[in-house]
Each structure stands twice: as C-alpha cells, then as structure tokens.
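Q: Sequence:
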Amino acid sequence: MINSDVRELYAAGEPDYAVPPGATILEFLEDSSMTQREFAVRADISTKHLNQLTKGLVSLSPDVAEKLEKVTGIRSRFWNRLEADYQSTRQRLQKTRDATIYDKWCKSLPLRELLKRDQLPEEPSDKASRWEQLLAFFGVSSIEAWVDLYEKPAAAFRQTKAFEAKVGAVAAWLRLGELAAQAIPCEPFNRAGLNAEIPKLRSLTVLPPEDFGPELVKTCARHGVAVVFVKEITGSRACGATRWTSPSKAIVQLSLRYKSDDQFWFTFFHELGHVLLHGKQDVLVEAEREANPDEPQEVEANDFARDILIPPQYAQRLTSLRSIPSVRTFAREIGIAPGIVVGRLHHEKKWPHKNGNGLKRRFEIVEDFKEQG
53 MINSDVRELY
63 AAGEPDYAVP
73 PGATILEFLE
83 DSSMTQREFA
93 VRADISTKHL
103 NQLTKGLVSL
113 SPDVAEKLEK
123 VTGIRSRFWN
133 RLEADYQSTR
143 QRLQKTRDAT
153 IYDKWCKSLP
163 LRELLKRDQL
173 PEEPSDKASR
183 WEQLLAFFGV
193 SSIEAWVDLY
203 EKPAAAFRQT
213 KAFEAKVGAV
223 AAWLRLGELA
233 AQAIPCEPFN
243 RAGLNAEIPK
253 LRSLTVLPPE
263 DFGPELVKTC
273 ARHGVAVVFV
283 KEITGSRACG
293 ATRWTSPSKA
303 IVQLSLRYKS
313 DDQFWFTFFH
323 ELGHVLLHGK
333 QDVLVEAERE
343 ANPDEPQEVE
353 ANDFARDILI
363 PPQYAQRLTS
373 LRSIPSVRTF
383 AREIGIAPGI
393 VVGRLHHEKK
403 WPHKNGNGLK
413 RRFEIVEDFK
423 EQG
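For the sequence shown, the working numbering gives the first residue as 53, with consecutive numbering after it.
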C-alpha cells in the first residue's frame, strides 16, 4: 500500500525551497510602494499574468524579462537566470520526491512473489528498472493511475474486513486476474443467457475439478464472464473478486484460499451473484463468507449463493439431517456435492465444525486447476 506519508507527498509535496522569479517582483513592489496593477500597466502585461508570475504558476519568458528590465532597471539576463535556476531546482526536487514515492511504492508490492511467478524479469534489478517493470506489469503510466485503478479498490476491501490485508498484495492479485482474463475469449455479456445456465453450473458441483473446471470456464465465457483461477498472494487474504473490464465482459476471480468444495462453490456463486445483480462500476473483493456482512451488495450475493446451492424449499429440511448417510442422501436428492451441505450445516451452526468434514473435497489450484496467474 502507498502509506500515508507517500500520499501526503502527492498531496502537499516535501518542503520545496525553489523560489520563483515572481518573489523578486514582489520585493520590488514592496520596496517601491507600487501596486501590482500599476506594475502590470508599466510592464504592458495583464494583472492576471503578473499575479501568476508572483506565484510561480507561469514561466517568466525572455520577452517578459526585457519588459521587467525597463520597469525595474534590473537587467533582463538577471530575470532569465532566476527563471532558469527556479526550473532547475524544481526539477531536482521533483526527482527527489518521485524517487521517495516510487521507493515506498515498490516496498508495498509483493516483488518476490511476482518474480517467482515470472511476472517480472530477474534483471535488471536496480530501482529505476523495477519501477518501470512494475508500471508495465500493472499496465499504467504512473503511480497516480495505479492508485485509481488498483489501490482504491484494494484499500476499500481492506477497510471492510476485520483483519489486516496488504493492499499491495491485493492489487497484484487483482492484476494477475486481469492478465489471465485477457487470455479467455468471451462472447458479449448476456444476463438472460447466464441466468439460464445456473442449473448447469450448479450440477457441476458433483464433478471432480479436472472435469468441472474447464466446463465452468467455457460455460461462463459463452455469456461474457471470464472465470480465472489465481493462487492467493501472501497477504492479500482474498478468496474471490468480481469486476468488469468493459460493459460486455466481467471477471470472476477465484483463489481457492479456502480449499474445500463448499467454500469454493459458495464463493463462485457469490461472485456470480455480483455479476447478475449489481452494477458494472465497482471492484468487489471477498475474503471469506461473513456471518453478518455490512454491505447490502454482500448480503444479496450471499443470499443468492445460498439459495442457488440449497434452494429455500429444501433448506427447511437441514435441521432433520443427523448423520453422514442422511447428508449423502439429501445431497444426492437435490443434486449437489455433500460437502456443500456440510458447509451449510456448519455455517448455520446446526452441526459442530468437527463433524462431517470427511465429506468435503479439497482442491488445490496447482494440482486440480490450470492456474492462470
């Protein structure tokens, strides 16, 4: 994360001792008891332009320097030298500030993991090269652009959770998802078509990942949604995310941070709920299934996933499930994996968390899925 002192550098700058030539004009006005209006008339420049000169908002041109010589008696080369010194000092101070900002930015990002995943070259590894490599990785030309596109969504995610997530790690994970999604050709988004595929997508829960993974990606891509599997970056604590790269293409990104099938499928349908129910402007990042989410969008997405996996007409029977065989029978009857039923029983505290875990299947992106980032 670009921490507060870096943000303050952007907002106010470090102490800047570059003095504009206009400061000398102000001294002359004070010494000669002349108003800015009179000086502007004598120099044949507008009062507005003079005011901007005194504040360093515009450059002092050679033409104006000659006019100042006639009014003040101070040679034009003196004014030109003041302007040159001012611009030189400004550039030097700006480079110092930029170096400080970029250094802090680099330190906020998971460089080692990006190197390990072959997202950055090993060499050159000097600071200036790393800055350029990171800008290229994120596809931005400046840190300001990075803040708008990546830090703000990641920071919003961090602030809504009870734990500490590293914003730089979240931002890098989101970017890996974008890059993976670029490799998935999608038809334009079709809400009705995607809704119609939900029964099929739900039926995939009973299949092993090597079978349901490709089908999940292919089915969603037909309706404008790129589903990508990107292993969690240390410190991101993200298990899912949804955002739109264009009005016609959405990304559903899954990390399998929680590796059981109940968590995976709940997260997938939660993200799909965001795609189908909510707008196209927000970047929504999820950490885990929260018992009492604060945001209305999260409540709606939770309810969507819950009711898709175990529809309300079946949910009332959950309290009658007392044994592993009864869970298997119930899951087979409603057409979902038994681990999902156990996850619901755990979440609603109908079963102790130690019971039924043997019915949950465990997934690993590296082994079970083709990792895309």
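If you are wondering where the hints come from, they were derived from the structure by calculation, not from laboratory data.
Note that the Cβ used here is the ideal one computed from N, Cα and C, for glycine as well.
Keep in mind that the hints are not guaranteed to be accurate.
[Unchecked claim] For each label pair, taking beta carbons as the anchor points, the in silico distance ranges come out as: (1) F80 with L167: 56 to 66 Å; (2) T381 with S177: 14 to 24 Å; (3) E79 with Q333: 50 to 60 Å; (4) S128 with A197: 50 to 60 Å; (5) A235 with S255: 18 to 28 Å; (6) R369 with C158: 49 to 59 Å; (7) S298 with N247: 49 to 59 Å; (8) R164 with L78: 49 to 59 Å; (9) A235 with E174: 15 to 25 Å; (10) A235 with D178: 54 to 64 Å.
[What the hints assert, rightly or not] Straight-line alpha carbon distances no greater than 27 Å define the calculated DSSO-like cross-link-like pairs of lysine-lysine that follow: (11) K270 with K156; (12) K218 with K283; (13) K156 with K311; (14) K270 with K311; (15) K270 with K204; (16) K179 with K311; (17) K100 with K156; (18) K107 with K156; (19) K156 with K122; (20) K332 with K283.
Q: Please go over all the hints and tell whether each is borne out by the structure.
A: Here is what the structure says about each hint:
| no. | hint | result |
| --- | --- | --- |
| 1 | F80 with L167: 56 to 66 Å | holds, 57 Å |
| 2 | T381 with S177: 14 to 24 Å | violated, 59 Å |
| 3 | E79 with Q333: 50 to 60 Å | holds, 52 Å |
| 4 | S128 with A197: 50 to 60 Å | violated, 41 Å |
| 5 | A235 with S255: 18 to 28 Å | holds, 26 Å |
| 6 | R369 with C158: 49 to 59 Å | holds, 55 Å |
| 7 | S298 with N247: 49 to 59 Å | violated, 20 Å |
| 8 | R164 with L78: 49 to 59 Å | holds, 52 Å |
| 9 | A235 with E174: 15 to 25 Å | holds, 23 Å |
| 10 | A235 with D178: 54 to 64 Å | violated, 31 Å |
| 11 | K270 with K156 | violated, 41 Å |
| 12 | K218 with K283 | holds, 16 Å |
| 13 | K156 with K311 | violated, 33 Å |
| 14 | K270 with K311 | holds, 22 Å |
| 15 | K270 with K204 | violated, 31 Å |
| 16 | K179 with K311 | violated, 37 Å |
| 17 | K100 with K156 | violated, 39 Å |
| 18 | K107 with K156 | violated, 30 Å |
| 19 | K156 with K122 | violated, 49 Å |
| 20 | K332 with K283 | holds, 24 Å |
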